[in-house]
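Novice: What follows is each chain in one-letter form.
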Amino acid sequence: AQSVTQLDSQVPVFEEAPVELRCNYSSSVSVYLFWYVQYPNQGLQLLLKYLSGSTLVKGINGFEAEFNKSQTSFHLRKPSVHISDTAEYFCAVSDRNSSASKIIFGSGTRLSIRP
Amino acid sequence: DGGITQSPKYLFRKEGQNVTLSCEQNLNHDAMYWYRQDPGQGLRLIYYSQIVNDFQKGDIAEGYSVSREKKESFPLTVTSAQKNPTAFYLCASSIKSFRGDTQYFGPGTRLTVL
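Quick note, the sequences are listed as chains A and B, same order.
The number in our numbering is simply the position in the first sequence, starting from 1, with 11 added.
The number in our numbering is simply the position in the second sequence, starting from 1, with 1232 added.
Derived by calculation from the structure, the hints in this document are not laboratory data.
Because the structure is a prediction, the values reported are computed rather than measured.
Don't take each hint at face value.
So the derived list for chain A, only partly shown, Cβ under 7 Å to chain B, looks like this [said to hold, decoys possible]:
(1) Val40
(2) Tyr43
(3) Gln53
(4) Gly54
(5) Leu55
(6) Leu57
(7) Gly64
(8) Ser105
(9) Lys113
(10) Gly117
(11) Ser118
Note that beta-carbon positions come from the ideal geometry of N, C-alpha and C, so glycine has one too.
Pulled out of the complex, with its shape left as it was, chain A reads as follows (with noise of 0.2 Å):
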């Protein structure tokens, strides 16, 4: 069975600070992997995601993702956050030869920026 475990549930950070949201997965199988991001009392929007070719995948708002199948990782990387990347962010994943079409959660990551 699929899995998705995203290692930090808060992330603090300065604003124009770096900044790593990790994510790692466990799927027996190919999988496609995606970031959605979710702000305050709204649904969440695709930042980005993988499906196949370049293990970096760029996605908006400057963030970009990369695929790394021998850790079973896809963490998020922005090199420098605004007030406004204040959310919470989910790595999800699905199976690529099943025939249903459901996609696996993390349990998310708050993201809070400081001033």
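Given the coordinates of chain A, assemble chain B onto it according to the supplied hints.
Specialist: Coordinates of chain B only, in the frame set by chain A:
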């Protein structure tokens, strides 16, 4: 503008009552989903539908029911059998049921049981 709407934004229910949460999309997506979000637990799948008049249970379907009579609509009923229904409920849709498709989310409904 295309998107997903959920109503109401806030809902209060007395114990023993059934309530129905609305989800409508005008994106012409085939697949629709209902998730429950609790603090610190991420999103858990309740039900999903890959096509009109068909739906499947997710990981936590007990105490919930759905229908998919129209492509645009996927209402969720929280029944009195759901032991702890207070949560944030999110509806989503995707073009097909392809595993790599982006899911588009509505703004959510916050349900509180009094």
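Novice: Next, verify each hint and record whether it holds.
Specialist: So, going through the hints one by one against the coordinates:
no.	hint	in the structure
1	Val40	violated (11 Å)
2	Tyr43	holds (4 Å)
3	Gln53	holds (6 Å)
4	Gly54	holds (3 Å)
5	Leu55	holds (4 Å)
6	Leu57	holds (5 Å)
7	Gly64	violated (12 Å)
8	Ser105	holds (4 Å)
9	Lys113	holds (6 Å)
10	Gly117	holds (6 Å)
11	Ser118	holds (4 Å)
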